[in-house]
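Student: Could you put together the complete structure from these sequences and hints?
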Amino acid sequence: MKVRIPNSGGPNNMNAMLKQAQKMQEDMANLQADLEQREYNGTSGGGAVNVTVDGKHNITKLSINPEIIDPDDAEMLEDLITVAVNAAINEAASTAEAEMGAITGGLNIPGMF
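Here the sequence shown is numbered in numbering that gives the first Met the number 0, starting from 0 and rising by one per residue.
Worth flagging that the hints you see were computed from the coordinates, not collected in a lab.
Take these hints with a grain of salt, some might be off.
Between beta-carbon pairs, the in silico distance windows are [as the list claims (entries may be wrong)]:
#1 N85 <-> N64: 44 to 50 Å
#2 H56 <-> N29: 17 to 23 Å
#3 K60 <-> N11: 48 to 54 Å
#4 D78 <-> E35: 15 to 21 Å
#5 A20 <-> N40: 32 to 38 Å
#6 V82 <-> M23: 32 to 38 Å
Where is the CB? At the ideal position from N, CA and C, for every residue including glycine.
Tutor: Written as structure tokens, this is what we have:
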């Protein structure tokens, strides 16, 4: 009895898969460069503290409404800044994850973001 191995497309199919993987890698690199150039905002205290970060999560702008500065309550200001920074970083991370997922078809590629 002869066993028949299904035709998987041979070398042509492998070349097509490699080209597709290279295209995905190029698209991911382009998107990553684009994401790093964008700005993401976070606010707290009803807009009293505003933070802007870039795609690398570096703070590029911080504004604080002077009316909320209380020298006797530095902890409140620290908390507001922390919340705003985390909100901006979370916005950057979620945007990157969503847009990268569109390219990778939902594959979770470790170390991307």
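Student: Now tell me, hint by hint, if it's right for this structure.
Tutor: Now the hints, each set against the structure:
Between N85 and N64 the Cβ separation comes to about 19 Å, which falls outside the hinted range of 44 to 50 Å. A hinted range of 17 to 23 Å for the beta carbons of H56 and N29 is consistent with their spacing of about 20 Å. The supplied range of 48 to 54 Å is met by K60 and N11, whose beta-carbon atoms lie about 52 Å from each other. Evaluation of the 15 to 21 Å hint for D78 and E35 yields a failure: the beta carbon distance comes to about 29 Å.
In this structure, A20 and N40 meet the distance hint of 32 to 38 Å, their C-beta atoms being roughly 35 Å apart. Remark: the range hint 32 to 38 Å for V82 to M23 is upheld by a beta-carbon distance near 36 Å.
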